[in-house]
Amino acid sequence: MFRETLIGAWSLLVGMKVTLSHILRAPVTSQYPRERIEMSKAYRNVIRLIEIEEIGSHDCIDCQACVRVCPSDCINVEGERPDGMRKKRATLFEVEFALCSECGLCLDVCPTNTLGYSREYDQAGFRRDDFLYDLLDEWRDKEEGVRTRLREEEAQKAATKAAAASKVTAARKAKDEAAAKEEGPAAAGDAGNSAAEGEA
Amino acid sequence: MSDPTDYAFFGALLIIGAALGIAPVVAPLFLAPRSTGAKTHDTYECGVDTEGGAWMRFDISYYLFALIFVVFEVDVLYILPVALVFGDGQYAWRDLIELSLFIGILFLAIIYAWRKGVLHWRAA
Amino acid sequence: MTQTPEAATAAQTTEELLQQVRPLVHLDSLENLLNQARANSLWPLTFGLACCAIEMMAVGASRFDLDRIGAGVFRPSARQADVMILAGTISRKMGPVIKTLWDQMPAPKWAIAMGGCTIDGGPFKYPGQYAIIEGADKIIPVDVYVPGCPPRPEALFAGILKLAEKIKAGRKGPEIAA
Amino acid sequence: MTAPHATTQFFHTFDNPWIAIAAATGALLGFITINALWLIWLERKVSARMQRRYGPTEVGPFGLLQTLADVVKLVGKELITPDHVHRPLYLIAPILAFAPLAALLSLLPIDADWVFHDFDITLVLLLAFSGLNVIAIFAAGWGSNNKYALLGAVRAVAQNISYEIPLLLAVIPIVLMTRSLSLHEIASAQSYPFILVQPLAFIIYFISATAETNRAPFDIPEAESELIAGFHTEYSGMRFGVFFLAEFTNMVIVCAVATLLFLGGWKGPLLPGFVWFFIKVYGLIAVMMVFRWTFPRLRFDQLMTFAWAILVPLALVNLLVTIVVLKL
Amino acid sequence: MELGVQYLFVALVLVGGGMAALSRHVLYNIVGLGISLFGMAGLFLQLGSPFVAAMQLLIYLGGITVAIVFAMMLSIAMTLDPPTRTPVKTGFAAVAALTFGVGLHGLIGTASFAAAPPAPTDAWAVAHIGSALLERYNLVFETLSVVLLLAIIGAILIARPDRRGDAA
Amino acid sequence: MNLESFLLLSLVLFSLGLFAVLAHRNLIAVLIGVELMMNAASLNLMAFNRFSVTDPVTGQVFVLIIIGLAAAEVAIFLSIILNLYRTRRTIDAEQLTELKG
Amino acid sequence: MMRPKSTMELVPGDDETYYLNMGPQHPSTHGVLRLRLHLEGERILGAEPVIGYGHRAHEKMAENRDYLQFLPNTSRIDYLSGMIYNLGYCQAIEKAMQIEVPERAEYIRVICAELNRLTSHLLWLGTYLLDLGGFTPFLYAFDDREKLLDILDSVTGSRLTYCYGRFGGVSMDVDDTFLRAAADYCTYFRKRLDEYHALVTHNIIFRHRTKGVGVMGPELALDYGVSGPCLRAAGVARDLRKDEPYGIYDRFAFDIVTAEGGDCFARHMVRMGEMEQSLNIIEQAVGGIPDGPVLAPKVPKRIRPPAGEHYFAVESARGHFGMYLRSDGTDVPVRLKLRTPSFVHVATMPVVLPGTMLADTVAILGSIDIVIPEIDR
Ligand code: SF4
Ligand code: SF4
Ligand code: SF4
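Protein chains in written order, with our numbering: chain A, 81 to 280; chain B, 393 to 516; chain C, 34 to 211; chain D, 19 to 346; chain E, 685 to 852; chain F, 146 to 246; chain G, 7 to 383.
Just so you know, the hints here were simulated from the structure itself, not pulled from any lab data. The structure presented is a predicted model; accordingly, all values stated were derived computationally and were not measured. Glycine is no exception: its CB is placed at the ideal position from the N, C-alpha and C atoms. One thing to keep in mind: the hints can contain errors.
Said to hold, decoys possible - Here's a subset of chain A near chain C, in silico, CB distances under 7 Å, partners left out:
(1) ALA106
(2) THR109
(3) LEU179
(4) GLU182
(5) ASP202
Chain A on its own, in the form it takes in the complex:
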């Protein structure tokens, strides 16, 4: 009995040694509101549209692939085909962050890879609808310029295409295929169809 007590007392001292030794070590606390930390590369938060270089803006073509794959049904995309363009452009891209499960499926299916994650990590708001994000917000003012440029590019392309069209039909067919392939491999899941749809 008393032996046990002694061993017990010793074990308590050993425990205290451990905790006391930590007093001397530096705290591990990150001083959050004072220090901002960098999130990892893979970090997931609300989705956002990322800039695609050759376009100079996002490249959402309103293919609805992400809308369809999203398990939480939290994406709402609307788009239009701007006059004189073949590709569609999104006119509305809403994400209800409160519904999102940060699963990344939408990123996987996006044919143009224009979806990414926001780097934000400390959103908080006073209203429950504070988290309905309009992802096009940051792009809107650029949009007109982008469209004009895209239109020009497309027109140019069309011109080359038209030039090529005058050539043999076989050649045209081959070209069409190439164009389809361009979009194809990037898409997984059901994205394939919709990507083609967007193209059409």
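Got chain A; can you put chains B, C, D, E, F and G with the ligands on it based on the hints?
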């Protein structure tokens, strides 16, 4: 006999202590808002309604401990005045024997309780 | 169940919404002082519902250390808590329990809805879902919402700071979208 | 033996008792508040450092105002008196817990000639009034009429009374050695700290005192993980705050008594007496804090068994040895 | 002031005693007993013996009352509605108590007590109690410890449930 | 206050105790009555001790002894109550009499 | 097989029945479990777990979504070992559809799953100590867990509810930094384990609180279908990773940690031992990871497992996690039944708890390590 005013002073402090205890409890009555929720004044029990009264029949061990305590406390308190004069008189050895007898008898009580398993809850 | 904030008519005062009565003595300067203290001493109720609760624990742990702003004193009894952090999915069975706990907290009290689930059902909202309450504000008045699934600990931290800011400004109750 | 009136007793420095009482009130109020504020801050800081965090930093410099904010907040917090409580008991319990402790503070001699007030039986008085603690706890638990509270209260009472015996038994050797029940005399009688000759008594005293103040690892009555908050489960706002204040005041008292009985009170080289006194007291409190933040808590029955089957026999043996040695 | 305090204690004793004796709820009986005991301790103090007063607090209030409370919790008495009183019994008790009180009061009235000069302050010191216990009353002292030992043994024997493990 | 008033007080207390012992059906309440009576006795002793004895020690010692005996008595009495309760499921004095035999 | 009568039956409704509710809001029921305890004194006569406070209709959800869309949900069933569930679900579908997973992905899966097991056990250790009243070990455990989460976060992007697996692999390749961090952590954590032993395992109070408490013998455990650390603590060496190796677990050398006694202390020891084994596995996996793709090249766009029944099980941090799938050949399951360990474990409470003391409840409940949504699904 000690100066009763000393104790009066102590008593006054007791009352002051009570006042100090009351003051912060009274202030919120004026300062704090009050809730009017439907269940605000119900028993707190992890968020569900409580079943039956709070009263329960407790383990007999509680009582046994209380009992040993009472008896022990009396014993121990008898030692206190004795401790003040222990070994003072000319019969120092007698004092020693008396006191050790007393403590020895106390010990017997503990041993008895131990043997009876009173000190080990589960055995009860 | 009580009315949702949306259902609250203009006639309803904040007090009614919060189910609180104003204190007997009401001086602005005093109230200011109290609000400063309240904002700096938000004791949360130890209360987790699902996954988000783990992140709530993480906020209290060494890395984030909620105690720095005085909010690290988790009280297990509703009678001693100031803020209810709803962390996780609210099932229909849990709803009344939460309401009871909320009622049993002493005024002034606040609620933070942490995670998508408590804001509007989050990942668990789907057609045919029968088991959850889609949004904490359907049961109790929520002050601050923290989105994410789960929100990072920093986000909850930010939520608590936001709540503190709100208290300091003397605002009360849920803020209904204009 | 009479009261050591030789020393300047605080009370006797005033002619008018009313002024004395007013002064005492002020002093007590100041000490209790400042002590509690600083102790709670200390506790949070010590625990934080042990856990490699910072603890309060944002409110005031070094978070020093944190506890103040807590207290002010508590004052502005609603007091819920649930419908089902036994009102008289429920309402009086916090005051019962607090009042004796506040008065007891006045009995502690802080320095050789800085005695608030001293009787010839200070020690007994201290023990008697801190024994009343159980009644307050009981009133709280019973008055709350809540299962957790009642369970917590019963445990608290059982625990407190059990640890009172080893506590008393650990004090008696000192009484034997000094032939006095006055704290001031006992402390003055120590040409060397008694802990050197009575180490076992000191350990027993300290363990029992930790248990008496319901501090971890003996914090069963308020064991969060089982009983929510134990006997103060139903107490809200400042009523709970008063219990809290009482706990911290009690800590000071038991540690001060330990200092006076075993550590030589105010004695120490160089520094003035009262500084030594407070260093020792707060040192002991810091040890209590380290205990609290290191150990898991004992199960209730183990706790009782520990008191009766280990501490009491040990204390009795210690006492026997003491009287034999004193005689030889 | 002095007298006021004294009357305060007397009032405590009487109010507590009344509660203890007259209330029908056991809990209030106990609370009454507690109050009365506290007042009694005060009176002991007034009567010159702070030590006995402290003992009264320690043992009676901190010990005996607690034991009674625990016993009450073990028996179901608490939740039961206070049993109705049989008027006959109550009446009889009241009459008996009154007769006793009045009779004894008469007796006290007839007796005259020789007042002794108050003892010197010194004689009240606790140490004297100690030496009295060690010298004059040493047999009582030892016997008391045996009595207490027997009390423990007896109480444990009586109160402990049989080995069935049924904690009653 | 003089000796007589103390005696009177203790008399009242004793009568109250007597009443409790006789009137209460709950054994615990009866025990409380007994305690009141013992206290009345202690008070008497202390009063005599103060007012009509030259050496105040004896009275104090006797009160201490009374307290000690009270503790022993309470211990035994309560144990008996509990035992009765366990076997008979009641601590009502009247029912206990009825159950007898 | 011992079947407890419902506690309601056990007790005739006399006026002395005393019920105590633990939960749903209780600091140590780990979420929203509610235990209805029937007490006599401090002794527990009966215990009745009341579940459903965390019911979020996980299984129902599977019937409403296609296979891919259910994926993010898997990690929310048992949020403490979400990765294992997530990957397990992928493996189940892969098995049903006979998809080959690239080598590298298999290794990554093992590393991530074991890291996740570590986080889960660490969290258990912390909260268990919290239940027992030790606050500091809780924070140490959380601190170590944070370090793990940082590692996992760097590749999965989440801290808790991972959605990292994909049918046919994983969603993102790992880089050397990740591998190095994992290996470094192993070295670091071995040292920490010693500290935990000094602080917790050897602590006399801890031993007294857990030894001989809440004994779940091998028969009882097997009868009830207890699995995972709780089963191994009863001395039964069963571990799906060894017995029916899935993925590539057969390539690693590790032991099944068992302990004798089946009490809380044994469960503690098993978990501590398992952490060490996990470290072994991680080290081996990091050492042997090949290069290559992380996603199978030919995964059908629409997941349509062949009609019929499929079953697959993995060893989660809590035990045997089985998925029973009924498919009619479409891309939405007809039924997905999840066999979750905690559900079984909590079902043993009515037999394990009676006879113990109230204070043991938390020690026992904590030691079986439950996760509520996993019970309520
Ligand atoms: S999948 Fe990509 S391109 Fe298609 S709608 Fe979504 S964001 Fe736009
Ligand atoms: S991350 Fe998942 S839940 Fe969130 S928007 Fe994308 S697909 Fe929907
Ligand atoms: S918001 Fe996400 S992490 Fe939080 S409880 Fe809901 S599902 Fe779990």
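Now the hints, each set against the structure:
1. ALA106: The hint is violated - ALA106(A) has no Cβ within 7 Å of chain C, the shortest such distance being about 11 Å.
2. THR109: Because about 4 Å separates THR109(A) from the closest Cβ in chain C, which is inside the 7 Å limit, the hint holds.
3. LEU179: 6 Å, holds
4. GLU182: 5 Å, holds
5. ASP202: 4 Å, holds
Checked against the numbered hints above, the structure violates only hint 1.
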